[in-house]
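There are 2 protein chains.
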Amino acid sequence: MSFLDRVRTCAQFTPSAYRPFRVDGIDVGLVAHEFAELLAKNAGVFVVGEEAVTLSPSAPADPAGRTDAVARALRPLADAGALPGWRDEPYEVAAYPGAPVLFAMERAAIPKFGIIAAGIHVNGIVRDADGGVRMWIGRRALNKANSPGKLDQLVGGGKPAGASVHDTLLKESAEEADLPEAVAGRAVPVGAIAYRTERSEGLRRDVLYVFDLELPEDAVPRNTDGEISEFHLWPLQRVIETVRETDEFKFNCALVVIDFLIRHGYIGPDEPDYLELVHGLRSLALPGGAPI
Amino acid sequence: MSFLDRVRTCAQFTPSAYRPFRVDGIDVGLVAHEFAELLAKNAGVFVVGEEAVTLSPSAPADPAGRTDAVARALRPLADAGALPGWRDEPYEVAAYPGAPVLFAMERAAIPKFGIIAAGIHVNGIVRDADGGVRMWIGRRALNKANSPGKLDQLVGGGKPAGASVHDTLLKESAEEADLPEAVAGRAVPVGAIAYRTERSEGLRRDVLYVFDLELPEDAVPRNTDGEISEFHLWPLQRVIETVRETDEFKFNCALVVIDFLIRHGYIGPDEPDYLELVHGLRSLALPGGAPI
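Respectively, the protein sequence lines represent chains A and B. Numbered according to this note's numbering, the first sequence spans residues 25 to 316. Numbered according to this note's numbering, the second sequence spans residues 25 to 316.
Treat the hints with care, as some may be off.
Same chains, same label: a pair holds when it works inside one copy or across any pair of copies.
Below, in silico cross-link-like pairs of lysine to any residue (SDA-like), each with a Cα-Cα straight-line distance of 20 angstroms or less [unchecked claim]:
| # | residue 1 | residue 2 |
| --- | --- | --- |
| 1 | Lys65 | Thr38 |
| 2 | Lys195 | Gly292 |
| 3 | Lys168 | Asn247 |
| 4 | Lys174 | Gly250 |
| 5 | Lys195 | Asp294 |
| 6 | Lys174 | Arg246 |
It should be emphasised that the hints constitute simulated quantities derived from the structure, not laboratory data. Treat the numbers as computed from the prediction; the structure is a model and nothing was measured.
Start from the sequences, fold in the hints, and give me the full structure.
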């Protein structure tokens, strides 16, 4: 087992299994053929073509109208159990984060349509007087829809439609770890990781904005929304070994740890997999609209 | 002017202007058609085909033999002035850093053959008691072959064949800034940036291993190899404005600064160009041999 195995776990993708989800001529998602067939039976506002899934020409053209029409079309699929984890939380539909928002779609449907989602993850760190580092690790509640019982960062969560990254940081820090704004606001943005990988919930194409937050010894996180069952303050060496040798961490949380280890010199450039790790943590090619 | 302009400056590439340089069936480089025509006149061990530049089947198959044969073939080009800056410094020829080394080639020829080169850059930082940060900036000597008079990091340099990244860090820190091993060895490896861009010297496809080095106030760098004419300890805000508003920094050194600003939270995730910057700093797709 190696760090590279964790990155490969987040790079499971078979291009031929998907057709584009295209809105206004822009490829905003990737729909598995299997889901496209299911969608065709209850298409509503969707047009399920051989080449691509699109929106009907008769659908509303404005974002709010599209959001409503899409929600109505998805409801029967949700009622039939094809969109587990529906939580009435709209996500932005765009070619990539920062591109023009075309409409909003329920979070549970995002991976079924292979739309890029954004989120935030916070590494919670305690620096010891002797130079050692400990890291706060959460264990996900057993009733979570995704990755129950797996290990997680101090704080992590998706960015809902309309919220900024900073808004999401403050909201999730309060809900997941009971951190007041004065504490969460000290989190330092340190970059973003990205991956595209097939999971049971669909195709995850995620951009995670990463933060490092140094906490004093006596700041003990407390989960308030039931999503984390317990927090542990682990010596970094234990975190390193757990990520490298086991699959106890949630698939994407392992990548956030590896990114931390690279940024802080715990994985060095003469190690054989270094460039594959650096590259693999940002393997999501920004689609068409991105200028680079 | 913006940070993104600096990244775009390092992404000038017209695929149709090049043909592959292929060794043992592996694409290790990209040769501009214009240079290929020049090479064809004095081909030596090279076979200049329409589709690709390759090595003659009669060339030695072992790395040392190939290194010698290629050096002999390049010498007439150097004598004719087509390889300016020849310095008898061999670089590794491989599909990407870490891939099997096929042979070594004089540094001055590396961009003419579009081979990926590796280097190290060190951000030299002084933390003030009030939380402010200053950064050591070097000005390149006016007699440098590349980017004379431009601003640079505290330390930067290419990785010669056979040297590890750590070796290169220590050697360049001694030569460029007179830093003893005990000081340079405290530099923290923090990742790697990559770019592919056309320059007057050829096609630069570089991977730069980046280090952050915190220095005490009284550690004043001193150049020993004549490559840096002066060092300045600038408040970070001046560095930020100079990178964003001017082209005073050497093209790739600007990227190293932008990477520093992202990793330390001076450029935040709600800024419009954030993902393009994060992505653009690592825009070198690892070719075929890379597992990801």
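Structure-based check of all given hints:
In this assembly of identical chains, lysine 65 and threonine 38 lie within 20 angstroms of each other by CA distance neither inside one copy nor across copies; the values are 24 angstroms within and 46 angstroms between. Taking the shortest Cα distances, lysine 195 and glycine 292 sit within 20 angstroms of each other only across copies (17 angstroms), while inside one copy they are farther apart (34 angstroms). For the homomeric pair lysine 168 and asparagine 247, the shortest alpha-carbon distance inside one copy (14 angstroms) is at most 20 angstroms, but the shortest distance between copies (58 angstroms) is not. Proximity of lysine 174 to glycine 250 under the C-alpha cut-off of 20 angstroms is restricted to the intra-copy arrangement: shortest distance 14 angstroms within a copy versus 55 angstroms between copies.
Proximity of lysine 195 and aspartate 294 under a CA criterion of 20 angstroms is satisfied inter-copy only: 15 angstroms between copies versus 39 angstroms inside one chain copy. For the identical chains of this complex, lysine 174 and arginine 246 are intra-copy neighbours only, at 17 angstroms inside a copy versus 51 angstroms across copies, given an alpha-carbon limit of 20 angstroms.
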